[in-house]
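**Student:** One letter stands for each residue in the lines below.
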Amino acid sequence: MPDHSQAAIHLEAVELTLTSNAGQVNILRGINLLVEPGESVGLVGPSGSGKTSMLMIIAGLERPTAGHVGIAGQAIEAMGEDDLALFRRSHVGIVFQDFHLLPTMTALENAAMPLEFAGRDDAFERARAELDAVGLSHRLDHYPGQLSGGEQQRVALARAIIAEPSILLADEPTGNLDAETGRKVMDLLFDLKERCQTTLLLITHELELAHRCSRLVNMLDGRVIEDNQQRRSA
Amino acid sequence: MTSLALAWTFARRELRAGFSGFLIFLACLALGVAAIAAVGWISASVVGGLNANARDLLGGDVSLRLNNRDFNTQQMDWLMANTVRQSSAVEMRAMAAPVAKTNGNRKRSLVELKGVDSAYPLYGDMVLDPPLVLADALTRQDNGTWGTVVDKNLLLRLGLDVGDRVRVGVATLTITATIVREPDRVATVLSLGPRLMVSARALGDTGLVQPGSQINFQTRAVIAKNTDMGVWQERLNAAFPNVGWRLLMPDQAAPGVRRFIQRLALFLGFVGLTALLVGGIGVSNAISSYLDGRTAAIATFKCLGAPATLVFQIYLLQVLVIGAVGIVLGLIAGAALPTVVLSLLADYLPVAPEQGFYIKPLLVAAIFGLLTALTFALWPLGRAGKIPAATLFRDKIAPSGLRPGKSVIVASALGVVLLAILTVATSSEKYFALWFVGGALLTLALLRLGAVALVAGAARMRRPKGASLRLAISNIYRPGGNASSIIVSLGLGLSVLIAVALIEGNLNYQIKERLPEKAPAFFFIDIQPDQVAEFDQTVTAFAETSGYKRMPSLRGRIVKIGGVRVEDAAIAQHAKWAVHGDRALTTSATMTDGSILVAGKWWPKDYSGPPLISLDRNLANGFGIGLGDTLTVNVLGRQITGTIASLRDINWRSLRFDFAIIFAPGPLEGAPYTHIAAIEAPAAIEDDLEEAVASRFTNITTIRVREALQAASLILTGIGQAVRGTSLITILAGALVLAGTIAAGQRRRIYTSVVFKVLGATRAALLKAFVLEFGILGLATGIVAAAIGTLTSWAVMVYMMQTDWIFLPGVVAWTVTICLMVTISAGFLGTWRALSEKASHHLRNE
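The listed protein sequences correspond, in order, to chains A and B.
The first sequence begins at 2 in the numbering used here and counts up by one.
The second sequence begins at 96 in the numbering used here and counts up by one.
Hints are computed from structural coordinates only; laboratory data are not their basis.
Beta carbons: idealized from backbone N, C-alpha and C, even for Gly.
Among the hints, erroneous ones may be present.
Claimed, not checked - Computed Cβ-Cβ distance ranges for the label pairs, DEER-style:
{"hint": "1", "chain 1": "A", "residue 1": "D222", "chain 2": "B", "residue 2": "Q841", "range": "51 to 61 Å"}
{"hint": "2", "chain 1": "A", "residue 1": "N27", "chain 2": "B", "residue 2": "L564", "range": "24 to 34 Å"}
{"hint": "3", "chain 1": "B", "residue 1": "W927", "chain 2": "A", "residue 2": "N27", "range": "43 to 53 Å"}
Unchecked claim - Some residues of chain A that are not near chain B, with every Cβ distance over 10 Å (derived):
{"hint": "4", "residue": "A86"}
{"hint": "5", "residue": "S91"}
{"hint": "6", "residue": "H101"}
{"hint": "7", "residue": "E207"}
{"hint": "8", "residue": "D228"}
Claimed, not checked - One side only, chain A facing chain B, incomplete, derived with CB under 8 Å:
{"hint": "9", "residue": "R89"}
{"hint": "10", "residue": "L103"}
{"hint": "11", "residue": "M114"}
{"hint": "12", "residue": "F118"}
{"hint": "13", "residue": "A130"}
{"hint": "14", "residue": "L141"}
{"hint": "15", "residue": "D142"}
{"hint": "16", "residue": "F191"}
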């Protein structure tokens with residue numbers, strides 16, 4: 002049996018079934034996926050294909066109905082909620098389409114949060130540096146409502162990367178941005194990925210963006226229907 | 096379609112969603128309205144009970160009372176000629192002692208002795224147990240003694256039964272029955288002893304009716320039907336212009352009880368108003384929260400061409416509809432509650448309350464409710480109407496801090512003024528109502544100031560090390576934070592509770608701790624001048640006694656102040672007690688021990704000029720008079736006008752007896768007077784001392800101060816519990832607002848928790864942060880409320896009650912702890928729900 006303990010992401014026969022008023026809905030149907038450290042994976046597929054659900058399972062925000070989920074060498078499917086939070090703190094950074102910044106906190110406070118939770122004394126110093134790195138040093142004390150969409154997503158990027166996670170998950174990070182702003186944000190995302198040598202899993206509807214990744218995974222109806230591993234060298 | 100009709104159409108459509116977002120609004124308003132309505136209703140039904148039984152309580156259509164002197168022939172002739180029936184009664188205090196069945200029963204009791212004629216009672220029925228006719232019960236019995244009927248309480252005190260004998264004065268009486276109902280006796284707040292009733296002839300045989308003794312002579316009469324009472328009274332006054340009697344008509348029956356009920360209702364009404372004020376904050380929060388949720392709808396209205404006025408009207412109409420529902424719910428509860436409360440209080444009420452439907456308290460409560468809802472709703476409504484659509488879309492994220500339009504600000508201010516006017520106008524005592532309005536405004540301002548200081552302090556604070564504490568502190572000053580509404584709403588109720596608890600604690604401390612320390616053991620009244628030497632010898636013969644003091648005393652009524660009739664004089668609230676009925680006076684050539692002369696000079700020992708008076712300085716201030724002014728006093732029908740020669744500071748709290756009015760020797764000479772005395776004695780010799788006095792001086796009444804203080808303490812505790820219980824309503828209102836605030840912030844709290852969890856925060860850390868946040872808010876609220884409550888209690892004790900004040904840390908600590916527990920529990924419950932939310936639902940792309 003091959004050893005996948007060093008894999009960044011290792012999903013094996015992962016299933017997710019949710020119960021709704023209409024009965025049981027199979028969201029994921031036996032997903033197998035192996036992502037090595039440093040890879041960038043573009044996850045594509047039509048709406049409802051299970052991309053976001055898979056990302057949630059990888060982030061430990063959703064619990065699989067069956068299967069094994071190994072992230073950064075740790076099996077997380079049996080972890081408790083608090084252990085998962087601690088796990089995310091050290092290993093996972095997430096960027097959402099809707100940014101999910103806290104509206105009552107300034108850009109600096111939003112970015113510093115992960116390190117604050119980790120009890121780091123240098124949380125704000127590091128947040129300042131990360132915001133500077135994404136070009137927002139002049140917006141530190143602004144609230145999200147005072148920032149443009151692109152600026153908000155850059156704060157979210159700084160926040161995702163601040164704890165130097167080994168895995169960066171991005172769920173359609175340009176979905177709410179215009180083409181030009183989206184392109185700039187993606188440039189930044191890939192720059193950060195390179196700088197931090199992190200593994201990237203990017204959900205997107207835009208094939209052009211997906212092709213910037215080293216590998217392309219296509220999903221349909223809760224299954225991986227295509228895994229273009231040949232691009233790994235890209 | 097007019098603008099208002101259009102607004103109503105849209106308001107109706109919006110209301111289709113139901114009232115679920117307005118539960119706190121409804122509860123806050125209903126609670127305040129219910130409290131005001133219930134207090135008003137209860138007060139009206141008790142006063143209604145007094146009015147319905149007015150003739151019974153008064154003992155006739157008219158009651159005339161003279162102190163220390165009987166009605167003369169001329170007066171009685173006039174009354175007989177001008178009334179249908181008359182009845183005379185005499186009331187005084189006396190000592191009753193058992194004629195011992197066994198040797199060694201040394202028990203004695205102070206009694207309220209009443210001698211009645213055969214016509215008594217003119218109205219109502221005297222009910223006895225066994226059910227004898229009063230005349231038979233009071234007539235001379237087979238054993239040759241007069242019969243007497245007594246309160247059952249006296250039998251218990253003296254260990255006697257019906258059929259036993261009791262000695263009063265020099266007479267021996269046989270107890271023939273106990274009193275079940277005495278129609279003209281109101282359960283007074285402070286009664287020194289149980290009733291002992293005898294016939295007028297038996298009273299004469301007691302030997303207690305002596306010149307100068309403190310005796311009330313009463314004549315009650317039935318007046319012919321259809322008599323114009325006003326004209327009748329004018330004729331009486333014309334026939335006897337300067338008698339100095341106290342004349343009461345049915346609408347003035349039981350004036351002391353009426354005053355007590357009205358004042359208690361006044362303060363409980365203020366508590367209800369405070370609850371409504373707190374509820375007003377809840378109303379404001381609920382509307383803000385509702386409008387937050389309607390931001391998109393408002394923006395859409397505006398985008399589609401709805402002017403600000405229309406938007407304002409749409410939501411104002413909704414507030415009015417929901418407000419009306421809340422008010423109606425409050426009125427229903429307010430009308431239903433009295434039935435329960437009155438049945439619980441039945442044993443403590445002076446008269447049976449009058450059942451009925453009292454529309455006035457309901458109307459007053461409804462108007463208060465409507466005004467409060469409008470005043471507190473206008474600000475958030477005006478804000479929503481004023482802000483442009485684009486700002487509305489962003490308002491939730493970056494609060495605009497915009498103010499509503501000028502007209503709305505003016506209308507809000509007008510609402511506050513109208514509330515103040517209504518409070519004063521509907522209050523039975525404008526003086527207290529003005530204090531309440533001022534106090535409420537000041538309290539609100541101080542609480543708001545406290546909230547601003549806390550937020551500013553939290554914002555300026557250096558970031559603490561722990562992440563949870565850092566989060567807790569930053570949550571306090573973040574935009575959209577709820578520090579202000581929690582501190583103001585909960586703080587207002589808590590301030591009232593702390594003030595009430597501290598006032599009650601202070602009064603109890605005075606009565607239980609301070610007064611007994613320095614109070615004399617006994618007061619003796621009705622010592623005849625010829626008994627003085629023997630009495631002095633008797634009481635001072637006890638070596639353990641000290642502080643013996645005796646002075647002559649007679650009673651008189653102040654009829655003119657500075658030449659102006661008392662009825663027309665402007666008298667300050669704190670001095671009004673001195674013109675309610677007769678006051679004790681004395682005459683002295685020399686200044687009494689312990690007196691502090693603060694103005695003028697004491698008269699020479701051998702002074703024999705025109706009447707001079709030395710007056711209590713506080714009373715002089717209250718009357719608005721000073722040195723050189725005059726005071727006219729009616730003493731036994733004679734009007735004596737004296738010039739104020741000096742002012743004294745009197746410490747009434749010392750319980751050393753003193754006199755507010757002291758005449759220079761001369762004008763009062765010849766008037767029949769008695770002496771009063773006080774002496775300090777250890778508890779161990781109290782019985783012996785009482786026995787020594789009682790066995791030698793049957794006419795002298797002994798008042799045990801310790802017992803009187805215990806009775807007062809018991810009453811005070813009862814009143815304190817009632818007021819404190821009612822003031823819990825304000826805390827309930829505050830808790831409702833707190834619940835509303837937490838509910839309104841729940842969506843935001845869930846979202847925050849989810850994002851925190853995504854970023855690696857554990858549930859314990861989050862819980863700690865939220866609990867710390869609410870703990871800090873609770874502590875801050877407690878501290879500010881403690882300061883305000885303490886300040887209020889100090890002002891009430893020192894300025895209104897003119898007594899000492901001490902800080903009682905236990906009372907404050909207890910109430911602040913409750914506040915802390917309430918906020919932390921509320922925060923904990925709200926947060927717990929937020930923490931159990933599943934993250935993935937909230938993070939999927941919309």
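**Student:** Hints first: check each against the structure and report whether it holds.
**Tutor:** Comparing the hints with the structure gives:
1. Between D222/A and Q841/B the CB atoms are about 36 Å apart, so this pair departs from the stated range of 51 to 61 Å.
2. In this structure the hint that N27/A and L564/B lie 24 to 34 Å apart at CB is violated, the actual value being about 45 Å.
3. For W927/B and N27/A, the hinted distance range of 43 to 53 Å is not satisfied, since their beta carbons lie about 32 Å from each other.
4. The claim that A86/A lies off the interface is violated: its Cβ sits roughly 5 Å from the closest Cβ of chain B, which falls inside the 10 Å cut-off.
5. Here S91/A does not stay apart from chain B, with its beta-carbon only about 7 Å from theirs, under the 10 Å limit.
6. Taking the minimum C-beta to C-beta distance to chain B, about 5 Å, the non-interface status of H101/A is violated against the 10 Å cut.
7. Chain B leaves E207/A outside its interface by the beta-carbon criterion, the shortest separation being 14 Å against a cut-off of 10 Å.
8. No Cβ of chain B comes within 10 Å of the Cβ of D228/A; the nearest lies about 24 Å off, and the non-interface call holds.
9. Hint status for R89/A relative to chain B: holds, with the closest Cβ pair at about 5 Å, below 8 Å.
10. At its closest, the beta carbon of L103/A sits 6 Å from a beta carbon of chain B; the interface hint therefore holds under the 8 Å criterion.
11. With its C-beta approaching chain B no nearer than about 5 Å, M114/A sits inside the 8 Å limit, and its interface hint holds.
12. Interface restraint check for F118/A: the shortest CB-CB distance to chain B comes to about 5 Å, inside 8 Å, so the restraint holds.
13. Hint on A130/A is violated. Least Cβ distance to chain B is approximately 17 Å, over the 8 Å limit.
14. Interface restraint check for L141/A: the shortest CB-CB distance to chain B comes to about 15 Å, outside 8 Å, so the restraint is violated.
15. Hint status for D142/A relative to chain B: violated, with the closest Cβ pair at about 12 Å, above 8 Å.
16. Given hint, F191/A at the interface with chain B, is violated; its Cβ is 21 Å from that chain's nearest Cβ, farther than 8 Å.
Against the hints set out earlier in the document, violations occur for numbers 1, 2, 3, 4, 5, 6, 13, 14, 15, 16.
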